[in-house]
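J.: Protein chains in written order, with the working numbering: chain A, 3 to 328; chain B, 599 to 1018; chain C, 92 to 380.
Since the hints were made in silico from the structure, they are not lab data.
Heads up, some of the hints might be wrong.
To be verified - Facing chain C, from chain B, some residues (calculated, C-beta under 10 angstroms):
hint	residue
1	T812
2	S870
3	A872
4	A878
5	G881
Where a beta carbon is used, it is the ideal one built from N, C-alpha and C, also for glycine.
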Amino acid sequence: MIDMQIRKVIVLATIWLALLFAPYWMAPLGGYTALATRVLVLGLAAMSVNFLLGFTGVLSFGHAAYFGLGAYGTGLALKFVTASTPLSLVLGMLLGGLAGGLLGALIVRRRGVYFAMVTIAFGQVFYYIAFQWSSLTGGDDGLRGFSRQPLDLGFFQIDILSNTDYFYYFVLFCFALAVSAMGIILGSPFGRVMIAIRENERRARFLGVPIERHIWIAFTLSCFFMGLAGALYALVNNFADPRGLHYSQSGDFVMMAVMGGMRSFWGPLLGAAVFVIVQDYLSSITVNWMSFVGMLFVLVVLFFPRGLLGFIRRKRAARGTQHESA
Amino acid sequence: MSNPFSSITADRRSVLKGAAAVGAMQIATPFVIPVRAADNIKMGMVDPLTGVYAAPAGNEVMGAKLAVEKINAKGGILGRQVELLVEDSANDVGTGVQKARKLIERDNVNFIIGDVNSGIAAAIAQVTAEKKVLHVVSGGHTDTITGKDCHWNVYRVCNTTRMEANSVSDLLYNKYGKKWHFITPDYAFGHTLYDACAANLKKLGGTVTGNELTPLGTTDFSPYLIKARAAKPDVLLLLVQGSDMINCLKQIVQFGLDKQIHVAGTQQELESLAGLPPEARIGIWMFEWYWKQPNVPHVAEFVADIRKVNGGKVPTARHWFGYTSAMTFALVANQQKTLDAVKLAQALSDFELPPEVKLQPNKVYYRKGDHQLMTSAFIGEAVSKGKDDPEDLFKVDSVVAGDKTAPPVADTGCTVKWPA
Amino acid sequence: MTQLLLFNVTNGLIIGAFYVLMALGLSLILNLSNVINFAHGGFLVIGGYIAYTLTPYVGFWGGLLIAPPLTAAIGFAVERVLIRPLYGRDPLYSLLLTFGLAFIIEDGTRFFWGAQGKPVTVPAFLATPLSYDFFFITGYRLFMVTVVVLTVALLFLFLRYTKLGVRIRAGTLDLETVAALGINIRMLRSINFAAGIFLAGLSGVLAAGQLGLEPTMGTGLLMPSFIAIIVGGVGSLTGTLLGGLLIGVASGVTAMFFPAASEAVMYVLMAVVLLVRPRGLLGEEGMLT
């Protein structure tokens, strides 16, 4: 027992140390800070999808819509409403989360493949709205004319606009807040019920758990986190664009979660890191990077369905049993 | 130390270095800095090599690569060899911005070219302005890039929508009539193009019988064409581009509408004409550059050079955009003998392109007030089957100089703010 | 005004017919195998390109006859190698696999045929309008509707009267029992998948005559197929038929009044159906929930 506790602490410490010092160890390896920022934001999005997928067992394939809404919310807020970056983040997050809450109520009765199709279609509604309502959203050209503002903490300013490293730490801070919230929720009784629903919905229903209400709450919460990720993404690019709402973006997030390991908390972050870095690297050296990424998807689905972390866990478990029997 | 993520011209580098060394020895000028192989000048290029704009983007990259070859053959920039680093923006803003940052922060490029997608071009322009890197927009058409969103470090090669509208308006009015109907793609490019055409039409005394705003990616144009026909215009102007243009023209011809109404438009591209069946290659258009210019010097060489790397096919305007963008950097840097972005940007104001780069009659220069290249408009008619060459699908009637089609600087809304 | 409306409704039906062809293929695969085939648009594109490549040798009609079976053969191979291992698992995995497959197909077609759009010519007698008044009904569109009607009729006859068809329909309702009766359900699924892809390939050949043929052609046509299935009701092929026609007409009529919303109206229709009758117009309760 204590062994496992210590291991958990070590793993957590390693992860946070790696994240804290990313700008320093990435550069010598051929990386760059903006890449790390992108991994964080997309990792948060993948973790939000996994909140629903890995822990509740519900497949939403249109989740990018809330990501995109978060981005547009923040962009519009910065453009028309406020000059404060944190406030715009909150507004973006609210937009994504509230939309999720509303739509979630409509679709919680469905499950499985049908649920997935419906989420895709609903996601596309938002895509088309963003695409067509060009007077507000800029349409195909995207929402421009805003940028993240330096943080004004009263006695000094942090320039997150032009300093890439400062911005990375700002994003890391927001990421830490979100991830801690997620962890707390998952560790709470509510989180336990979510896992129960994932494991055996019928039994949970027999135990008197209000399934639809729980799924709806889980859906809404994951949309809030998604909205935050999208809001951060808008700050990364100083731009919001309809393609962030498209189902192919959703597919990417689900893939990241699966690739890293759906059943684990940190898996999706790892999956996001692999996905972003592989795509970044491949698209620099070949025009046909899409084929390779597609093949990666296919290989992961066929041979590593538990993802990287799942694979590592299985190996460790196998080694563990060998140890015991030795 | 060679960068593992380096350019795709790696296999030609050794040949070019040899040629450059020989060339450098023969140029006994005081400019030449001794060639240091590890100290290359890097040009970054961001273009959507996957996605709907893959064809024009690929052609732009081809043109830029040819330019870099030629630059290196002549000794490079300030005696150093040039490397072209190409990144795929995948038609996604986030990716485009990230790649631009990668090229600037990690690869330390001196220049940036891109993007075909206007939205991405504008987003990248924000990054290059922030990082103070000289940026030439090769193929993104939205007016604001050299209009109200202009930056000191951003120059553009391709036409603005106002230039395109101005180039054909008089001709269409005089030749076809005063009642115009429009099929406009529903995004910024389409809107500004329509506004420009409609304003011109009004000035000439004509009327707009209707404006069908079609969503991007429309596959079926029949509802719009039904309405257009009912309005009985003299001319049907197609402002749509790319696949939309192909779908629309195909359907117009299948409906036999071209026999009842004249069909025309503003911007047309060889890529689109080549993607149409012969019977659908109709109408009056303007091209931004055309390959068949028998009496203009250096054009034939350029065509031959591109044919060699393009499977025998001729260059399109896109090839020329990429070529000119890359050449611009070399020309101005070698002339000013510096790599400082601010100094080079200032030198590009009213910078004139030499014949071997401009590849057209008329004076071609980057206008000082808005950083827009005053490039000519090739006005003519689509031809269903090329006479001497299967790719000669456009009959050029006139070539109008850029500064005649461009609106005055005051009207563009651009005020260039130079850094302190 | 009424004339314009009539025109648009007729036109909507014609376009709807095309959506029906696409959606039926998708529906066949979904019903029996529980697989959402994201690569359906990709197979459409493959069908179009194969027809384009064959046309210089066998003409337009040859291309129309040969391309769909060839595409179906590719689909068969894909199902056996890539999708079969995933049947026992969560539907998530087959979804992700077809998603990745779509990437590979798009890039592959770009690699083999180039990013540049290809000119596709249809026989001249088809590319002319029916009459001066009904100009928007070209010979080609009429031909397309005829092909769709024939194909749908054949499909329904196949499913109703042939042994294989009956087995597929039975499998849709209860695959376990069908297996228990000794039927080789693996082969059944493969053939069903191939049939769905046949329809996709056929859609591709037809689409190429009217649209520009390029690698990204299929993506815009995938969503309407999904919506047709949801509106018509998952699990019911007649429902899909109805759904396709309905969204075609809705889209066509909306384009007349409010073009910006012509795509969005399909989603609105879907939302309304989901709220009022969640199982779809002709869907059966309990299908795939």
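J.: With reference to the structure, classify each hint as holding or not holding.
T.: Evaluated hints:
{"no.": "1", "hint": "T812", "verdict": "holds, 6 angstroms"}
{"no.": "2", "hint": "S870", "verdict": "holds, 8 angstroms"}
{"no.": "3", "hint": "A872", "verdict": "holds, 7 angstroms"}
{"no.": "4", "hint": "A878", "verdict": "holds, 8 angstroms"}
{"no.": "5", "hint": "G881", "verdict": "violated, 16 angstroms"}
The structure is inconsistent with hint 5 alone, although it conforms to all the rest.
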